[in-house]
Amino acid sequence: MAERRWQWFHRLASPPGFYRVSGRWLPWLAGTSLALLAVGVVWGLLYAPPDARQGNSYRIIFLHVPASFLALAGYYVMAAAGAIHLIWRVKLADVVMSAAAPLGAALTFLALFSGSLWGKPTWGTYWVWDARITSMLVLLFLYLGVVTLRQAYASRETAGRACAVLALVGTVNIPIIYKSVDWWYSLHQPATIRLTAAPSMHPDMFQPLVVMILAFYLFYAWVLVLNVRAEILVRERRAGWVRDLAGEGESE
Amino acid sequence: MRSPNPEPEALPSLATGFAALLRRDLLLAWRRRGEAANPLWFFAMITALVPLAVGPEPALLARLAPGMVWILALLGTMLAADSLFREDYVDGALEQLVLSPQPLWVLVLARVTAHWLVTGVPITLASPLLAGWLALPAGGVPMLVAGLALGTLTFCLFAAVGGALTVALGAGNVLRPLLVLPLYVPVLIFGTAAVARALEGGDGSAPLALLGAITAVTLAIAPVAAAAALRVGIDG
Chain R
1 MAERRWQWFH RLASPPGFYR VSGRWLPWLA GTSLALLAVG VVWGLLYAPP
51 DARQGNSYRI IFLHVPASFL ALAGYYVMAA AGAIHLIWRV KLADVVMSAA
101 APLGAALTFL ALFSGSLWGK PTWGTYWVWD ARITSMLVLL FLYLGVVTLR
151 QAYASRETAG RACAVLALVG TVNIPIIYKS VDWWYSLHQP ATIRLTAAPS
201 MHPDMFQPLV VMILAFYLFY AWVLVLNVRA EILVRERRAG WVRDLAGEGE
251 SE
Chain V
1 MRSPNPEPEA LPSLATGFAA LLRRDLLLAW RRRGEAANPL WFFAMITALV
51 PLAVGPEPAL LARLAPGMVW ILALLGTMLA ADSLFREDYV DGALEQLVLS
101 PQPLWVLVLA RVTAHWLVTG VPITLASPLL AGWLALPAGG VPMLVAGLAL
151 GTLTFCLFAA VGGALTVALG AGNVLRPLLV LPLYVPVLIF GTAAVARALE
201 GGDGSAPLAL LGAITAVTLA IAPVAAAAAL RVGIDG
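Sequences listed follow chains R and V, in order.
If you use this note's numbering, the first sequence corresponds to residues 1 to 252, in order.
If you use this note's numbering, the second sequence corresponds to residues 1 to 236, in order.
It is possible that part of the hints are untrue.
Unchecked claim - Coverage of chain V stretches by chain R, computed from C-beta distances (three or more under 8 Å per stretch; other residues unrestricted):
(1) 159 to 167
(2) 183 to 190
(3) 211 to 223
(4) 226 to 235
No lab work stands behind these hints, which were simulated from the structure alone.
Glycine included, each C-beta is placed from N, C-alpha and C at the ideal position.
Here chain R stands alone, though its shape is the one from the complex (with noise of 0.2 Å):
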């Protein structure tokens, strides 16, 4: 019955497992995203109105707030995945992990990146030492870390283990690293206009941006997997599923 149970988990934590199971998947992931994606850039960028004092380059958060968001769920994505392969030996943890770290990299650049963009019209300057900037900053970073350690081991194993205590010594800071540099900002806090707090967000510009984030996280699942099916193609390159797989391919 225990057994019975568990089939499921062990048949979608298999490699060829997850490669069929996760087949059926992609579509659903596309097709919602994309959708989601349309209606909120259009409603975010053509219909919600222009904000009262930023006019409309306040819509960039339409973008980056997502971007934000997933930079930083993407790293406790990374985190688990490398948990559960340090823990249980799963091998689609590790592809997971693989996957999910340059990923998590690059929504970092691009939420840093869109951020310094709307600061040149906002502040008056592209880089400002803001807590979420300087944190943002500091999270690319351990992003980086863990994406060079992963390159600098020539064996996979050894580098999907070292990858994961790296990115679990990552997770138990990165609270403590907010919270100091929020603490260190504080102290020095510039004479800026301080915008990124809206407590009050119109309901217009709110809903867009609800959309976007709903959007951004599918968008993100869709993406993950299809990394996580092309690793798992590369990782098992030699195995009999894959070469019936490329052999079907080419017969069609």
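Guided by the hints, dock chain V onto chain R, whose structure is given.
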């Protein structure tokens, strides 16, 4: 002749294992005193470069002093941390440590303690002198010393994680700082803030207490993480 089923020998206790490794490391450091002084030299020489780079006005130097001394202490401990595990890895002693009956994290803690006593403590003790070179007012010195004592220990603990993660890599000495430097951010923030508060005539004990809390958390997790990373490096 050995009996086929020898009586199990009494294993050395945790404290014995800790003390034995600490003693060995301190003895090795003592026999290579010149090398052990290098971080301190580095710390002093870079401090002397600061006035040359930014100018000798005491007001400007005093403004920069807390942050500069902290960053240089960070670099000084970082420079020395490459020797934490690498030599033992190369000559095979590290595998003996991994195989020893004591939990590996206890031995990592002993290694880090020895490393801190050899690098962190001298840097802490030298800091009032070097802060004086940078014209730091005397009011900031007690907080600087107290903060550095805690901060260098935290730096050494994180450096052990980085050193363990990169021990099996040839190019590790370049990668290791990149892995752990982001983790140093809170220590640097609270350490410099304690000095800054004391200089303003306030009480720096709140940031110092937060720094102590970070040191305590790091003391709990870093040896375990470093031990896990060492096992990965040895297996791989």
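Three or more residues of the stretch 211 to 223 of chain V near chain R by CB distance under 8 Å? This one holds; 4 residues, not fewer than the three required, reach chain R with a Cβ under 8 Å.
8 Å C-beta test of the stretch 226 to 235 of chain V against chain R, three or more residues: Satisfied; 5 residues make the cut.
For the stretch 183 to 190 of chain V, does the count of residues with a C-beta closer than 8 Å to a C-beta of chain R reach 3? It holds: at least three residues are needed, and the stretch 183 to 190 of chain V offers 5 whose Cβ sits within less than 8 Å of chain R.
Is the coverage entry for the stretch 159 to 167 of chain V by chain R consistent with the three-residue Cβ rule at 8 Å? holds (count 3)
Comparing the model with each numbered hint stated earlier shows that all of them hold.
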